[in-house]
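If you want the building blocks of each chain, they are given just below.
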Amino acid sequence: MGRWVSSPASEKHNLETADLVARHLDGDPRAFGEIVKRYQIRLLNFIYRMIGDRERAEDLVQEAFIRVYRHLHRFDRTKKFSTWVYTIASNLAKNELRNRSRSPLVFYQSNRSKHEEDARPLQFEDSRSRPDDMFRNRHLKELVDNTVAQLSPHHRQVFVLRELEGKSYEEIAEVTHCNLGTVKSRLNRARASFAEMIAPYLD
Amino acid sequence: MPTTLTCRTFRRYFSAWRDGDVAVPTDAMQEHATACGRCASLARALVVGVRVLRANELEWPISRSTPSIAP
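Those protein sequences? They're chains L and E, same order as listed.
The working numbering applies: residue 1 is where the first sequence begins, and numbers increase by one.
The working numbering applies: residue 204 is where the second sequence begins, and numbers increase by one.
Only chain L is shown next, with the shape it has when bound in the complex (with noise of 0.2 Å):
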């Protein structure tokens, strides 16, 4: 809770990309790594949860910044920055599903990657964790990357911008391109379902 209020940090972070975006189209050649550098664990995250394939994300992630450099000199500078860069990429990443659901080949390549991805050890599993624990530990990231799976696009857009990015309801109505009652009223149904998906294996 209390994510609700933009924080001085963020102020100061908007701030600075604005700053770095001023930079890099006065022609410092330094300025666009930055804001890669800035962005680019965040939109692997945000991506890879909306398709559920790492590799593909990554790639993605690529795309997004190709764009953002092709046509960030006709960014509104009186808008957020991150706001844009987010709406690329889920548009982007929109696609990806659109184009999945009409081509088995790319379904199918895309749950291999999943497959393979399961195999790489936990972030959060530590060598001095119990055998149990580590089981419980794999168990639940298991389960909960499976319930976010299984929300429906919309309702996993919202959650994750909002949860994991942090976004406010007018930032994702604004990446979603929808009015605010409908980004709240999906919030409250993703993280509904979220919740009665996972409640029944914590109790």
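Careful, some of the hints might be misleading.
[Claimed, not checked] The list that follows gives simulated cross-link-like pairs (lysine to aspartate or glutamate, EDC-like), each with its CA atoms no further than 20 Å apart: (1) K141(L) x E262(E); (2) K37(L) x E262(E); (3) K94(L) x D145(L); (4) K184(L) x E262(E); (5) K37(L) x E260(E); (6) K79(L) x D19(L); (7) K141(L) x E260(E); (8) K184(L) x D222(E).
None of these hints come from the bench; they were simulated from the model.
Once you have looked at the hints, place chain E on chain L.
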């Protein structure tokens, strides 16, 4: 133990409550969450689930260079 909110109302307000919306009757929500095991379980599931998601965020892969647009 009866509470001032029904489960249906609690769940309608729950998302806004989590986001700290001042229009939500916070005391009544807290009271219901304390008294109703089923609603408390859902609230806990959301908190735990989101915590797990955040703890398992991806890092940019070392094997893959940072995206570069430079010609």
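Hint-by-hint comparison with the structure:
1. Our distance criterion of 20 Å between C-alpha atoms is met by K141(L) and E262(E), whose separation comes to about 16 Å.
2. For the hint linking K37(L) to E262(E), the alpha-carbon distance of about 12 Å falls within 20 Å, and the restraint holds.
3. With a C-alpha separation of about 19 Å, the suggested pairing of K94(L) with D145(L) holds against the 20 Å cut-off.
4. A distance of roughly 30 Å separates the Cα atoms of K184(L) and E262(E); the hinted pair therefore is violated under the 20 Å criterion.
5. Among the hinted pairs, K37(L) with E260(E) is consistent with the structure: their alpha-carbon atoms are about 16 Å apart, no more than 20 Å.
6. A threshold of 20 Å between alpha carbons decides the hint, and for K79(L) with D19(L) the separation of about 13 Å falls inside it, so the pair holds.
7. In summary, the hint linking K141(L) to E260(E) is supported, as the alpha carbons are separated by about 11 Å, within the 20 Å threshold.
8. Restraint check: the Cα-Cα separation between K184(L) and D222(E) comes to about 11 Å, which is no more than 20 Å; the hinted pair holds.
Consistency note: the structure conflicts with earlier hint 4 alone.
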